[in-house]
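Participant: Chain residues, written in single-letter form:
There are 2 protein chains.
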Amino acid sequence: MMEIKKRSDCPISSSLDIWGDKWSLLIVRDLMFKKQCTYGDFLKSDEKIATNILASRLQMLETNGVIIKLDHPESKAKVLYKLTQKGVDLLPLMIEINLWADKYFTLPIEIKSMLKEVKKDKDAFIKHKKIELL
Amino acid sequence: MMEIKKRSDCPISSSLDIWGDKWSLLIVRDLMFKKQCTYGDFLKSDEKIATNILASRLQMLETNGVIIKLDHPESKAKVLYKLTQKGVDLLPLMIEINLWADKYFTLPIEIKSMLKEVKKDKDAFIKHKKIELL
DNA sequence: AAATTCGCTTGCGTTTTGCAAGTGCAAATA
DNA sequence: TATTTGCACTTGCAAAACGCAAGCGAATTT
Numbered sequence: 001m002m003e004i005k006k007r008s009d010c011p012i013s014s015s016l017d018i019w020g021d022k023w024s025l026l027i028v029r030d031l032m033f034k035k036q037c038t039y040g041d042f043l044k045s046d047e048k049i050a051t052n053i054l055a056s057r058l059q060m061l062e063t064n065g066v067i068i069k070l071d072h073p074e075s076k077a078k079v080l081y082k083l084t085q086k087g088v089d090l091l092p093l094m095i096e097i098n099l100w101a102d103k104y105f106t107l108p109i110e111i112k113s114m115l116k117e118v119k120k121d122k123d124a125f126i127k128h129k130k131i132e133l134l
Numbered sequence: 001m002m003e004i005k006k007r008s009d010c011p012i013s014s015s016l017d018i019w020g021d022k023w024s025l026l027i028v029r030d031l032m033f034k035k036q037c038t039y040g041d042f043l044k045s046d047e048k049i050a051t052n053i054l055a056s057r058l059q060m061l062e063t064n065g066v067i068i069k070l071d072h073p074e075s076k077a078k079v080l081y082k083l084t085q086k087g088v089d090l091l092p093l094m095i096e097i098n099l100w101a102d103k104y105f106t107l108p109i110e111i112k113s114m115l116k117e118v119k120k121d122k123d124a125f126i127k128h129k130k131i132e133l134l
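For the protein sequence lines, the chains are A and B, in the order given. For reference, each letter of the first sequence is one residue, going 1 to 134 in full-length UniProt numbering. For reference, each letter of the second sequence is one residue, going 1 to 134 in full-length UniProt numbering.
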């Protein structure tokens with residue numbers, strides 16, 4: 001059902017084949033920065049993803065080892081989504097997107113203040129964040 | 001015709017609104033690493049982009065200030081495409097994609113050897129490459 | 001027992017993609 | 001000069017993906 005067709009051996013191309021669409025990295029963002037973890041939480045994000053698209057992207061990311069589904073500790077009706085190591089490793093890339101956007105868009109102050117931290121010591125920020133995510 | 005609808009103020013979302021599809025970053029890649037600059041050159045890349053998609057992405061990237069069209073020095077029939085500062089600033093992000101892919105895919109040796117350089121001194125690599133691109 | 005929450009799935013109309021062919025202008029060739 | 005070739009797109013159309021609303025089964029709450 002969810003077959004991955006690699007267009008070439010290029011690293012950019014292969015990466016885009018997995019998460020190169022308008023939604024996947026927003027799911028990763030939520031998992032990374034907002035700590036949102038349930039299906040319903042993703043739906044609450046500002047961008048308003050459609051339920052079927054969300055389901056297909058979660059499936060795609062899970063198939064490709066970027067996220068995992070876990071039982072929710074509080075309830076059997078809920079599902080917890082979490083980044084894998086492979087997903088956490090997208091952090092440097094996510095930070096660079098943020099820094100690029102910081103240069104060319106007007107960002108919310110909460111994000112600007114986070115980026116102030118990043119700019120002070122990028123490696124330290126990444127190291128700290130990775131620990132907190134795994 | 002090419003209206004940009006921002007889904008939210010999130011930097012990831014805003015960035016994806018511009019280049020968050022399966023093709024745009026491959027165009028940026030060609031401009032960045034292969035020095036391909038004409039319309040025909042893009043078509044020659046391994047991924048085989050369709051002509052109409054190429055035209056629409058070039059338009060999108062130009063509208064958003066990531067690339068510029070220039071007269072080709074050799075001929076009026078040809079067009080030269082080049083990264084702007086905004087486009088060159090995507091370099092750190094492109095490198096992080098490469099590094100992520102290096103960890104999870106098997107890459108061609110030419111690219112692996114480039115990444116060896118990158119890993120030795122990332123900032124130096126970026127600095128050098130930026131100069132060469134502008 | 002009934003209503004609500006949760007994580008999806010389904011249907012369906014609209015948009016985007018992918019492929020092939022065509023167009024107009026510039027440049028090379030005959 | 002006439003014709004062919006090359007280049008940068010544009011157009012038409014079928015297929016796939018998207019976006020919205022509604023529905024559905026299992027778990028939880030009332």
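Mixed in with the good hints there might be a few duds.
DSS-like mimics (lysine-lysine), calculated; alpha carbons at most 30 Å apart, straight line [what the hints assert, rightly or not]:
| hint | chain 1 | residue 1 | chain 2 | residue 2 |
| --- | --- | --- | --- | --- |
| 1 | A | K129 | B | K127 |
| 2 | A | K82 | A | K48 |
| 3 | B | K116 | B | K22 |
| 4 | B | K120 | A | K116 |
| 5 | A | K48 | B | K6 |
| 6 | B | K119 | A | K119 |
| 7 | B | K112 | B | K22 |
| 8 | A | K103 | B | K119 |
| 9 | B | K6 | B | K120 |
| 10 | A | K86 | B | K82 |
Pair ranges (Cβ atoms, derived) [what the hints assert, rightly or not]:
| hint | chain 1 | residue 1 | chain 2 | residue 2 | range |
| --- | --- | --- | --- | --- | --- |
| 11 | B | T63 | A | Y39 | 31 to 37 Å |
| 12 | B | A124 | A | I53 | 38 to 44 Å |
| 13 | B | E132 | A | Y39 | 45 to 51 Å |
| 14 | B | S113 | A | V79 | 41 to 47 Å |
These are calculated hints, taken from the structure and not from any lab test. Computed from a predicted model, the values in this text were never measured in an experiment. Each residue gets a CB set at the ideal place from its N, CA and C atoms; glycine is no exception.
Participant: Now, for every hint given, state plainly whether the structure supports it.
Facilitator: Against the structure, the hints come out as follows:
Taken as a hint, the A:K129 and B:K127 pair is honoured in the structure, with Cα atoms around 26 Å apart against an allowance of 30 Å. The hinted pair formed by A:K82 and A:K48 meets the criterion: a straight-line CA distance of about 20 Å does not exceed 30 Å. For the suggested pair B:K116 and B:K22, the alpha carbons sit about 26 Å apart, so the restraint of at most 30 Å is met. Between B:K120 and A:K116, the direct Cα distance comes to roughly 26 Å. Compliance with the 30 Å bound is thereby established for this hinted pair.
A C-alpha spacing of about 12 Å is found between A:K48 and B:K6, which places the hinted pair at or below 30 Å, so the restraint holds. Note on B:K119 and A:K119: the hinted pairing holds, with a Cα-Cα distance of about 20 Å set against a maximum of 30 Å. Note on B:K112 and B:K22: the hinted pairing holds, with a Cα-Cα distance of about 23 Å set against a maximum of 30 Å. With a C-alpha separation of about 25 Å, the suggested pairing of A:K103 with B:K119 holds against the 30 Å cut-off.
Between B:K6 and B:K120 the alpha-carbon distance is near 38 Å, which puts this suggested pair outside the 30 Å criterion. Distance check on the hinted pair: A:K86 and B:K82 sit about 33 Å apart at the alpha-carbon level, beyond 30 Å; violated. Checked against the given bound of 31 to 37 Å, the beta carbons of B:T63 and A:Y39, roughly 35 Å apart, stay inside it. Range check, B:A124 to A:I53: Cβ separation about 41 Å, and the 38 to 44 Å hint holds.
With their beta carbons about 46 Å apart, B:E132 and A:Y39 fall inside the hinted range of 45 to 51 Å. Our hint of 41 to 47 Å for B:S113 and A:V79 holds, since their Cβ atoms are close to 43 Å apart.
In terms of the numbered hints stated before, the structure departs from hints 9 and 10, listed from lowest to highest.
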